[in-house]
Amino acid sequence: MRLARVIWAFGRAALLDETAYRGELLGNVIRSALGIAMAIGGLAVVFAHTRVLGGWTMEQVLVLLGVYYLVNGLVSTVLSPSLNKVVQEVREGTFDYMLLKPAPSLLLASTRRFVVWHVSDVVLGAAVIWVGLARLEANVTLAGAAVFAAAMTAGVAIVYAIWLALTTLVFWFVRVENITMIFNLFFETGRYPVEVYPFWLRQLLTFVFPVAFITTVPAQTITGREPLVVLWAAPLIAAAALLAAVRFWRFGLRNYTSASS
Amino acid sequence: MPPDIRVHGLVKHYVVPERGAGLRASLRSVWRRRRRLVRAVDGISFEVAPGEIVGFLGPNGAGKTTSLKVLSGLLHPTHGRVDVLGFTPWDRRADFLARITLIMGQRQQLFWDLPAGDSFQVNKAVFGIDDAVFRRTVGLLTELLELDGLLTKPVRQLSLGERMKVELAAGLLHGPRVLFLDEPTIGLDVTMQQRIRAFVARYNAETGATVLLTSHYMADVKALAQRVIVIDRGRLLYDGALHGLAERYAPHKTITVHLEQPVDPAELRGLGEIVSQEGAQVTVRTRKDEAPAVTGQLLARLPVADLSVEDPPLEEVIEQVFRGNRT
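In order, the protein sequence lines correspond to chains A and B. Residues in the first sequence are numbered from 227 upward in steps of one, following this note's numbering. Residues in the second sequence are numbered from 11 upward in steps of one, following this note's numbering.
Don't read these hints as lab results, they were simulated from the structure. Idealized CB from N, CA, C, for every residue including glycine. Errors might be hidden in some of the hints.
Said to hold, decoys possible - Restricting the straight-line Cα-Cα distance to at most 25 Å, the calculated cross-link-like pairs of lysine to any residue (SDA-like) are:
| hint | chain 1 | residue 1 | chain 2 | residue 2 |
| --- | --- | --- | --- | --- |
| 1 | A | Lys311 | B | Ala108 |
| 2 | A | Lys311 | B | Gln131 |
| 3 | A | Lys311 | B | Gly127 |
| 4 | B | Lys163 | B | Thr147 |
| 5 | B | Lys163 | A | Ile233 |
| 6 | A | Lys311 | B | Asp101 |
| 7 | B | Lys163 | A | Glu318 |
| 8 | B | Lys163 | B | Arg187 |
| 9 | A | Lys311 | B | Phe137 |
| 10 | A | Lys311 | B | Trp122 |
| 11 | B | Lys163 | A | Glu244 |
| 12 | B | Lys163 | A | Asn254 |
| 13 | B | Lys298 | B | Ala276 |
| 14 | B | Lys163 | A | Val366 |
| 15 | B | Lys232 | B | Glu325 |
| 16 | B | Lys163 | A | Leu242 |
| 17 | A | Lys311 | B | Trp100 |
| 18 | A | Lys311 | B | Gln119 |
| 19 | B | Lys163 | A | Val342 |
| 20 | B | Lys163 | A | Ala235 |
| 21 | B | Lys232 | B | Phe137 |
| 22 | A | Lys311 | B | Ser286 |
| 23 | B | Lys232 | B | Glu320 |
| 24 | A | Lys311 | B | Phe121 |
| 25 | A | Lys311 | B | His86 |
| 26 | B | Lys163 | A | Arg238 |
| 27 | B | Lys163 | A | Gly249 |
| 28 | A | Lys311 | B | Val331 |
| 29 | B | Lys298 | B | Val314 |
| 30 | A | Lys311 | B | Arg166 |
| 31 | B | Lys163 | A | Gly237 |
| 32 | A | Lys311 | B | Ala104 |
| 33 | B | Lys298 | B | Ser286 |
| 34 | B | Lys232 | B | Val314 |
As the list claims (entries may be wrong) - Facing chain A, from chain B, some residues (calculated, C-beta under 10 Å):
| hint | residue |
| --- | --- |
| 35 | Leu84 |
| 36 | Phe106 |
| 37 | Gln118 |
| 38 | Asp128 |
| 39 | Lys134 |
| 40 | Val136 |
Please put together the full structure from these sequences, using the hints given.
Right, dumping it as structure tokens:
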């Protein structure tokens, strides 16, 4: 209850802070709409030459694309603004004030900023999923939806763990803006099912940098595809990734040297 | 009453990468990094009683800020025991953090684009301050710091001095019992410095809060602290009464006389060390215990129009302390 109030207080301030840049709303809606339109156009080109891509039909890939945009929207709405703020604050030395607050520092560090305009990606992503499912004429049961939601949750948890681990590097290297680039490089591969990639990359994207669990696995649960890996692996991997990332963060904090005056 | 702050054998060493200037050195450091051990704090011990104001003095890089950061729980020490209000700071327990504050003159916690009032709301939620207490505290701080009209303006529009006042208020909303103030008056003009000083003194008197203060301005220390702790290169050089510092390190007095007319330097012989003689003004430095005798002789031998006897300025004393440590 108290925690909810704290998050709300930060959220409110972040919202007020953002309203200074109202013009960004329109820009972002246009940007996400164009981005999705171009991605769908790209799919149309690919599927003009083939009926299946790595065993996936166009409609199934469309659902996957929707998942990609939805997750991407969540990342750019909350996760990346908050964690980039950590990076900035550590460099400027104001992260000290974060640590001086009697509240769970990790939770606040991960949620305290949000760029509300990027919600447009979430909404459009959901819309694309819906269109894909409609064209598939998929019969989504309540149980099916629940499995999908669980797989999505696991995917988001994995994204969070990766972001957090990359952010934690700031305690040693201080300048880590490039982590956004590294992350995006891998995350971009999530626009397509991992089956389209060569064997070695597929292994990398499944077991090392588990993008497969972020888009491919949730999409396959709801489009009725054969599971890529046993489904129950998703929550296990998500839990393991989260645990590892949180421990790494705690370890990083111990090494925090705070910018000197 | 047990002390609020107990520090025993505090050591904080950092390993920092080191590289020479220039392109070649930079490139070399990319794959072969040299590291250097910095002994920021090298074994200091002290205690601070509840309600005490202690000035923490030292040149740049002496280890003051590092010590304050360990005491407020931001840094884990390399060795040593620290106890603040019965807590180990770096455990960063919520009930510890709710009882202390660290205010840094060079760092800001307020949202830059928002009025300070909005940042206050965030702190209110984070510290779980209830409405009535919050209103009372903001009222009190507004009165003491003259914040009227400042809380509704975006922080970026405030002057440096106004911003510092608002920062102070933000750091005190939760009514901390122990205040760590790191250069709270840095960069401010003299009037604003005085105001901040007066505020800290009054806050201490009214709330009984314990204050550990660092400052480059001796006036801050003189106005606020009865007791000073002097550190240099991570080591403690002096811990005791402010006036005792002068007695120990600069046991002399400066006597300045204005004469009715200039005199021959020969007439001043035997009157201690002549620091300067410009026209009718003569400045003499003498050992403290000889000051009365020298004053007497000056009055007896010279046509004195005006005379003053002063302790050496604190800046000079401190300088003496550091010089002693470094030679």
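Restraint check for Lys311 (chain A) with Phe137 (chain B), where alpha carbons must lie at most 25 Å apart:
holds, 21 Å
Does the structure keep Lys311 (chain A) and Gly127 (chain B) at a Cα separation of 25 Å or less?
holds, 21 Å
So if I understand the rule, the pair passes when the alpha-carbon distance is 25 Å or less; does Lys311 (chain A) with Arg166 (chain B) pass?
holds, 18 Å
Could you grab the alpha-carbon distance between Lys232 (chain B) and Glu325 (chain B) and see if it respects the 25 Å cut-off?
holds, 11 Å
For the pair supplied as a hint, Lys163 (chain B) and Asn254 (chain A), is the alpha-carbon distance within the 25 Å limit?
violated, 29 Å
Should the interface hint for Lys134 (chain B) be scored as holding, given a Cβ-Cβ cut-off of 10 Å against chain A?
holds, 7 Å
Given the hint that Lys163 (chain B) pairs with Leu242 (chain A), test it: the Cα-Cα distance must not exceed 25 Å.
holds, 14 Å
Take a quick look at whether Lys232 (chain B) and Phe137 (chain B) sit within 25 Å of each other, Cα to Cα.
Outside the cut-off at roughly 33 Å; violated.
Pair hint Lys232 (chain B) and Val314 (chain B), alpha-carbon separation not exceeding 25 Å
violated, 31 Å
Run the distance test for Lys163 (chain B) versus Ala235 (chain A): straight-line Cα separation, threshold 25 Å.
holds, 19 Å
Is the shortest C-beta separation between Val136 (chain B) and chain A less than 10 Å?
Hint holds; Val136 (chain B) Cβ to chain A Cβ min 5 Å, cut 10 Å.
Holds or violated: are the alpha carbons of Lys163 (chain B) and Arg238 (chain A) at most 25 Å from each other?
Satisfied, since the Cα-Cα distance of roughly 17 Å is no more than 25 Å.
Checked against the numbered hints above, the structure breaks hints 8, 12, 14, 21, 22, 28 and 34 and satisfies the rest.
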